[in-house]
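*Asks:* For reference, the chains in residue letters:
There are 2 protein chains.
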Amino acid sequence: MRIAIDAMGGDHAPNAPVLGTIQAARDLPDVEFILVGRDAEIRVITSEFPPNVTIVHAEDVIAPNAEPVKSVRKQKDSSLVVCTTMVRDGTADAMVSAGNTGAFMVAGLFVVGRMEGIERPALAAMMPTFKGQGVLLMDAGANTDSTAKNLVQWAHMGQAYMRLTHGLSHVRVGLLNIGSEPGKGNELSKVAYELLEHDCSHFVGNVEARELLNGACDVVVCDGFVGNVLVKFYEGAGMGFLESLKHIFFANPLTKLAALSMRSGLKAFKKRFDYAEYGGGPFLGVRGVLVKAHGSSNPRAFEMAVRHAYNMQHSGLIQDLEQSIHG
Amino acid sequence: MRIAIDAMGGDHAPNAPVLGTIQAARDLPDVEFILVGRDAEIRVITSEFPPNVTIVHAEDVIAPNAEPVKSVRKQKDSSLVVCTTMVRDGTADAMVSAGNTGAFMVAGLFVVGRMEGIERPALAAMMPTFKGQGVLLMDAGANTDSTAKNLVQWAHMGQAYMRLTHGLSHVRVGLLNIGSEPGKGNELSKVAYELLEHDCSHFVGNVEARELLNGACDVVVCDGFVGNVLVKFYEGAGMGFLESLKHIFFANPLTKLAALSMRSGLKAFKKRFDYAEYGGGPFLGVRGVLVKAHGSSNPRAFEMAVRHAYNMQHSGLIQDLEQSIHG
Numbered sequence: 146m147r148i149a150i151d152a153m154g155g156d157h158a159p160n161a162p163v164l165g166t167i168q169a170a171r172d173l174p175d176v177e178f179i180l181v182g183r184d185a186e187i188r189v190i191t192s193e194f195p196p197n198v199t200i201v202h203a204e205d206v207i208a209p210n211a212e213p214v215k216s217v218r219k220q221k222d223s224s225l226v227v228c229t230t231m232v233r234d235g236t237a238d239a240m241v242s243a244g245n246t247g248a249f250m251v252a253g254l255f256v257v258g259r260m261e262g263i264e265r266p267a268l269a270a271m272m273p274t275f276k277g278q279g280v281l282l283m284d285a286g287a288n289t290d291s292t293a294k295n296l297v298q299w300a301h302m303g304q305a306y307m308r309l310t311h312g313l314s315h316v317r318v319g320l321l322n323i324g325s326e327p328g329k330g331n332e333l334s335k336v337a338y339e340l341l342e343h344d345c346s347h348f349v350g351n352v353e354a355r356e357l358l359n360g361a362c363d364v365v366v367c368d369g370f371v372g373n374v375l376v377k378f379y380e381g382a383g384m385g386f387l388e389s390l391k392h393i394f395f396a397n398p399l400t401k402l403a404a405l406s407m408r409s410g411l412k413a414f415k416k417r418f419d420y421a422e423y424g425g426g427p428f429l430g431v432r433g434v435l436v437k438a439h440g441s442s443n444p445r446a447f448e449m450a451v452r453h454a455y456n457m458q459h460s461g462l463i464q465d466l467e468q469s470i471h472g
Numbered sequence: 146m147r148i149a150i151d152a153m154g155g156d157h158a159p160n161a162p163v164l165g166t167i168q169a170a171r172d173l174p175d176v177e178f179i180l181v182g183r184d185a186e187i188r189v190i191t192s193e194f195p196p197n198v199t200i201v202h203a204e205d206v207i208a209p210n211a212e213p214v215k216s217v218r219k220q221k222d223s224s225l226v227v228c229t230t231m232v233r234d235g236t237a238d239a240m241v242s243a244g245n246t247g248a249f250m251v252a253g254l255f256v257v258g259r260m261e262g263i264e265r266p267a268l269a270a271m272m273p274t275f276k277g278q279g280v281l282l283m284d285a286g287a288n289t290d291s292t293a294k295n296l297v298q299w300a301h302m303g304q305a306y307m308r309l310t311h312g313l314s315h316v317r318v319g320l321l322n323i324g325s326e327p328g329k330g331n332e333l334s335k336v337a338y339e340l341l342e343h344d345c346s347h348f349v350g351n352v353e354a355r356e357l358l359n360g361a362c363d364v365v366v367c368d369g370f371v372g373n374v375l376v377k378f379y380e381g382a383g384m385g386f387l388e389s390l391k392h393i394f395f396a397n398p399l400t401k402l403a404a405l406s407m408r409s410g411l412k413a414f415k416k417r418f419d420y421a422e423y424g425g426g427p428f429l430g431v432r433g434v435l436v437k438a439h440g441s442s443n444p445r446a447f448e449m450a451v452r453h454a455y456n457m458q459h460s461g462l463i464q465d466l467e468q469s470i471h472g
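Chains W and V, in that order, give the protein sequences. Residues in the first sequence are numbered consecutively from 146, following the working numbering. Residues in the second sequence are numbered consecutively from 146, following the working numbering.
Derived by calculation from the structure, the hints in this document are not laboratory data. Don't take each hint at face value.
Identical copies look the same in the list; a pair holds intra-copy or inter-copy alike.
Derived DSS-like pairs (lysine-lysine); straight-line CA-CA distance at most 27 Å [as the list claims (entries may be wrong)]:
no., residue 1, residue 2
1, 294, 335
2, 377, 215
3, 335, 221
4, 377, 221
5, 215, 335
6, 335, 219
7, 219, 329
8, 377, 415
9, 221, 329
10, 335, 391
Make the full structure from the sequences, and use the hints.
*Replies:* Below you can see the structure in the form of structure tokens.
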């Protein structure tokens, strides 16, 4: 298996992608990792590249806020576009990037291409829950103004994903809605409910946002505008909560001492809500394994994203999806 | 001033509405409070009704999950419909209910009626922020599939509300969106951005959900589907987060002891995020002061909602809104 790594994408590039990849490469000696980016900038980071890590030089870098369509079209020699081209050509089986999310999706759509039968690929985000393994939200922002049919396709892809990568046999799908009874919601959710009821096994019906973190379902589908708002809000609220707690714990020497007694509990709590542990979001519905790592990924978060790409490829997810669409 | 109270609405009715109202009535002796509901059930709660609290008997109660339009139409003698009828007829200046939210909005729309010039009244929700006084979100769920023009009207109403009830002179309005640059988002947000830019003073542009709790704006406008998802998610996440903390604090005798040292900090933190302190959400754009208290309101939360209704009426908000629409 060969995994292409966009070494130049993300707030801490090239350090975080390079160091995260090296860590993953040590644990996965049979996998070949290809760091794509500016050769000199990559080499200067360390002198100890494992034998299964190689470098492919790409001169250009797509800026974090660059206009996605234009930059993918024009910056053919950017690390991101080279990575996706490798997946398209079969010189890589999977790729990971922490760069510009819009450009990542555009490159996925136009360089790698959609799976036949999938109208709109979707970005999936694993949201940590208070109970259980988390909930996979689709779409986390690739598509706005989506259709009910889109949501049904995402439900199917989400189910296959959770089955193969998390080992769940009954993957419960919920429709994010503003009421729990059938018939509630906006035009999209009313139609989507009908379709999902007939066309999705283990559909648990409408799920209100209040119940999302209590393990109400394993996959939740919604329009990408709503999903993106939710994922970003969760991130902001989580960071704010942790920040507030820090102030309480570090208020004075006594509270600092007291916080020590809670160390293990706090550590477990923080780990559960640390995005770094969740390994980035897969872009599902394109003809290859594409994983988007968080823009602010540190080496650990990037490493988890790389492992995630490995697991997806190893599980045969793409083949499974293609079969289930056409079978 | 006379305030009508739906004594039968909410999870803890009639206790919470009655006890909350009595508390507010003691502090506001010049205001007349009218408890609307089943006379016998209300009287049995206490023998000490202040002189400025009277009871108006209403036999019927709209159930929490009753179909809103049907129940408002048929249950004319329900506590909720009687309250709104009093506002319409001028026998009350304001009303508060913790009952069925859908029925509350339907009664507001069809009994009290829209303000002339307002296409869609909106439910406003004050969301606690990590910094500052909180952010007013409109619409929190009264309207799905809303138009850009709706959002502009909500922006104006939200500004008047924050100016009069929170004493802000420059009320910053943000458009909830999935990117910060102009031109981002779905069809609705693209058009709404253009309109707000031309027609709203102190428009700060797109606000991403990640920034919402950092004081990025005082009022944020969005479609009611998105708003409702956000408000409910916040509630669920907040409760889950506090629950998790409790487990950490009560893990063993040592952590319990340690938690004592952080008592004041934790108390302040909890108070900031306690919905009870925020006094319910006003339904803005109808011809009267209508405040929706949270369904799970305890006496304290209901009291705050009553005070909220008093403040809104006292500030002359409705007159101000009517003038600004027509002036």
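*Asks:* All hints are to be evaluated individually against the structure, with a verdict given for each.
*Replies:* Now for the hints, and whether the structure bears them out:
no. : hint      : result
1   : 294 / 335 : both (12 Å within a copy, 24 Å between copies)
2   : 377 / 215 : within (25 Å within a copy, 38 Å between copies)
3   : 335 / 221 : neither (42 Å within a copy, 30 Å between copies)
4   : 377 / 221 : neither (30 Å within a copy, 44 Å between copies)
5   : 215 / 335 : between (36 Å within a copy, 20 Å between copies)
6   : 335 / 219 : between (41 Å within a copy, 26 Å between copies)
7   : 219 / 329 : between (45 Å within a copy, 21 Å between copies)
8   : 377 / 415 : both (18 Å within a copy, 23 Å between copies)
9   : 221 / 329 : between (46 Å within a copy, 24 Å between copies)
10  : 335 / 391 : neither (43 Å within a copy, 38 Å between copies)
The structure fails to meet hints 3, 4, 10 from the earlier list, while all remaining hints are met.
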